[in-house]
Structure formats: structure tokens, C-alpha cells
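Q: The chain contents come next:
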Amino acid sequence: MMSQSNSPGQPISSIVLSVSEFVDLLNQTLDFAYPLVTIVGEISNFRINKNRWVYFDLKDELANIKLFGIVNILPGPLEDGLLVQISGAPRLHPKFGFSVNLRSVQAVGEGSIKRAASLLEAKLRSEGLFASERKRPLPYPPRRIGLIASSQSAAYTDFVKILGARWAGVEVALADVQVQGEVAPSQLVRAIEYFNNLPKPPEILVITRGGGSSEDLIAYNSESVTRAVASSRIPTLVAIGHEVDLSLAEMAADQRASTPSNAAELLTPDKRHEVQRLDQELAQLTQRIQQILATNKQLLIITSSRYTETLRRKIAQTTRELMSRQKLLLALAPEAILARGYAIVRSSNQIIRSGKQLGDGQKITVQLSDANVGAQVEDIQLL
Amino acid sequence: MTKDKIIDYKRLRDELDQILEEMQSEQVDIDQALKSYKRGQEIITELQKYLKSAENKVTKLTKDFSD
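Chains as they are written, first to last, in this note's numbering: chain C, 1 to 383; chain A, 1 to 67.
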């Protein structure tokens, strides 16, 4: 607190301040004049305390300043020698002197960006974020896509155009985010979380942007975005249009594509090919059913001819049996017996089987094969 | 085509693939084959109609991701 004797307009040089008052005054002035500064420099004396606080110096050829912040604002692991751009609030600490309170840090310059990315890659790899066994299959073709891109980008236009040319009936929900600059990582993370928290989430997240310099693509190498991609419950496809190194977000994704158009191609069959394929399959099905019907018809013919043959044999056998029975019957018929010279003797229409049935003078009828002869008994000699 | 019925392409495609495989079997029963053929025809017609008429639908979310 300022001394009571001070009044406005009094030159500061004439005011006597306590040490704490001086610190307060200076911090108020700094807050007013430089609420936030952005500085580029090389990291030295980098250290992390209790996994929570980060301290390092930022230097160039002529100067060296101290910085302080919480670990969460770091883009990933850092080390001495990296060139970074920081933003923060300059502040005089009552005990430890001048420092800049960090708000954000990011590597700048191709070499440092690559180095920072490789440090982060090693860290995340050791945690298993890029492991192939984590990769999930993508729905093919998906019905609902969550697209995370800039609505102003060619990447967005290309993806939607190719998707439309290749496939039909897909619902695409676009989360319009900034894909570069300081806010890009947090927007990308929020969009990923947003889709994951929907009651009816899309079947796949497509995270895409066109190519650019390593600095343009830095968000896709950040720890927060890489972790968000890796922890997404919805399968992910990351497509960054570039030809050089893969970004960490691509490595953490379930699948990557080389360009936004390539992403659309990987997700869907070409509908023209699919229509042709369906035509071919219909022809194949028709041919097959005809074949099956023909085979069955043939089987039926074979079965029926076998049946006819069996029936014919049966008839022949029955006929043979009938004929032999007929022969037997004919042989046993009285006519046949009479023809052989036997005769039937009747008296009063009774067949006479014994001499005892007859008496002398009894009238009898003798049936020969061709005549009935009337006669009278003259003599009986029993045998 | 906004009122177009959303079909589960993958499910129908899988069903069709299964029918095509079954029909190739030597032991296929004629009654089953006729049923499968009819179903295969229906699926193909439906999928073709869908591919020829349906359109993609792109919606831009109104949500702002900057805060």
C-alpha cells in the first residue's frame, strides 16, 4: 500500500516507498503497460519442479530473462537450446525478482519445432499412444461423420466434394475450428471432446487441414491435441496435407490419410464401382439360381426315370407270376383232365366218387371231354 | 432427398455377401436358394436405388469452440 502522504502529481522520485510498495507499484505499472508480452528466445536452465511448476530462462545473444509457469501450459517436453515463442505477463516477484509468468509456450523455427516434436513423440510413444494394437477399424462406409476443420479451408471443401462424388447418404457435422495459431490446439481439443460427449456421437471423427509449414501444422504436434486424438472414444482419421514428417496427431489416430481427399477415399467405396459391382452380383445370383434349378430338374428326371424303370420291372414280374399261375390253373382245370381221357360220372346230378354209391341198373351220365353219355350200370366190382 | 430413408448400407452389404456365399455352396437346398435369391435381388435393388438417389448432408455446427 502506498504511503498516505503521497498525492497525485507528486513526482515519484520524491516519494519514499517501502520495498513492498515499490514491488506493488512496479507490478501495477507492468500490468497496465504490458499486460501480456510475446517474446522469442532460446531456452536455458529448463527445469520442472514437483511435476507442477516450470522454470527456465529465455535468452538471446545479449539478454537473459527468467520465466515461470505451470506445467500444463507447455506444449510438450522442452529442453535447453530450443527456440520458443512465449507469451506471458511480466512481473516482479517480492522475493525472487523479475520474471515473466508464462501463459503459452511454443517452439518456433523448423529445427526447434522438430526437436520439440521428437521429444514429445518419444514421451508419448513410451506411454503407448501410437501403439498399433490401439488402432481400431473404421466404419466402412460411415453414415455419420464428425468433421473437424476450418470451414474456410480447401481441406474442408475437398473432403466434402470427394465424399459427395464417391458416396451417398452420409451425414457430416462440421466443427468449424481454427487450424493454426495459438488458439488452434485448444479449439481442436474442444471439438474432439464435444463430439465424444454427444448423446449420439458420430461413427468417426475426421480431423483435417491442408498442407503448410511446420509452424502452420504445429497444433497437430501438440501434446493436448495428440492426447485428445488418442483418447477419443470415437475412431479417428487424421488427414494433414503434407509430404514430410507425420504429425503426432496422425500417429495417434486410428488411421491417417495423406490429404483431405484421400481421407474421403479411404472412408468410402466409389459408388459408381459399387453400382457396377451390384449389377455383376445380380447377374451372378441369377446365373446361380438358374443353375440350381437346372440341376434340380435334372435330378427330378433321373428320379422319375428310375421310378419308371422300377415300375416296369414290377409289372413284368407280376405278369410272369400271373402267367405261371394261369398255366397251373389251366393244367388243373377239369376240361384239361377230361381231355386227357378221364371222365366224370354223375347220377342225379351228384358226382359219383365211389362204386358204393351205385346199384345195378342205376342210370348214370358219363361226362367226356366232348360229350355227355347216358348209360346204365350193369356190373359193379369194388376194388 | 432429405426425407430419404437412411439405410444401413454396411448391414445390407454384409447380408448380401452372406447370401452370395451361401448360394455358391454345393449343398444349397432349392427352397432356401429361392428365398435367398429373392432376398438378394431385393437388397441389390434397394442399394442401387440408394446409391443413385441419396445425397450427403453437411451441417455446420453452430457451436463456437473458441472458449
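Some clues are possibly wrong.
Claimed, not checked - The calculated DSS-like cross-link candidates involving lysine-lysine, where the alpha carbons are at most 25 Å apart (straight line), are:
(1) C:Lys-200 / A:Lys-35
(2) A:Lys-49 / C:Lys-161
(3) C:Lys-356 / C:Lys-314
(4) A:Lys-60 / C:Lys-161
(5) C:Lys-123 / C:Lys-95
(6) C:Lys-123 / C:Lys-50
What the hints assert, rightly or not - With the Cβ distance kept under 8 Å, some of the chain A side facing chain C (calculated, not the full set):
(7) Tyr-9
(8) Arg-11
(9) Ser-25
(10) Gln-41
(11) Ile-44
Don't read these hints as lab results, they were simulated from the structure.
For each residue, glycine too, the CB sits at the ideal point set by N, CA and C.
Q: For every hint, state whether the structure bears it out.
A: We went through each hint and held it up to the structure:
Between the alpha carbons of Lys-200 of chain C and Lys-35 of chain A the distance comes to roughly 36 Å, so the proposed pair goes past 25 Å and is violated. For a cut-off of 25 Å, the pair hint linking Lys-49 of chain A to Lys-161 of chain C stands: about 21 Å separates their Cα positions. Simply put, Lys-356 of chain C and Lys-314 of chain C have alpha-carbon atoms about 52 Å apart, too far for the 25 Å limit, and the pair is violated. For the hint linking Lys-60 of chain A to Lys-161 of chain C, the alpha-carbon distance of about 15 Å falls within 25 Å, and the restraint holds.
Our distance criterion of 25 Å between C-alpha atoms is broken by Lys-123 of chain C and Lys-95 of chain C, whose separation comes to about 35 Å. Of the pairs offered as hints, the one joining Lys-123 of chain C and Lys-50 of chain C holds, with about 18 Å between alpha carbons and a cut-off of 25 Å not exceeded. A distance limit of 8 Å between C-beta atoms decides the matter here; for Tyr-9 of chain A the minimum to chain C is near 6 Å, and the interface restraint holds. Because the beta carbon of Arg-11 of chain A sits about 10 Å from the nearest beta carbon in chain C, more than 8 Å, this interface hint is broken.
Checking Ser-25 of chain A against chain C: minimum C-beta separation of about 10 Å lies over 8 Å; hint violated. Evaluation of the Gln-41 of chain A hint against chain C yields a held restraint, the C-beta minimum of about 7 Å falling below 8 Å. Look at Ile-44 of chain A: its Cβ gets to within about 5 Å of chain C, closer than 8 Å, so that hint holds up.
Comparing the model with each numbered hint stated earlier shows that hints 1, 3, 5, 8 and 9 do not hold.
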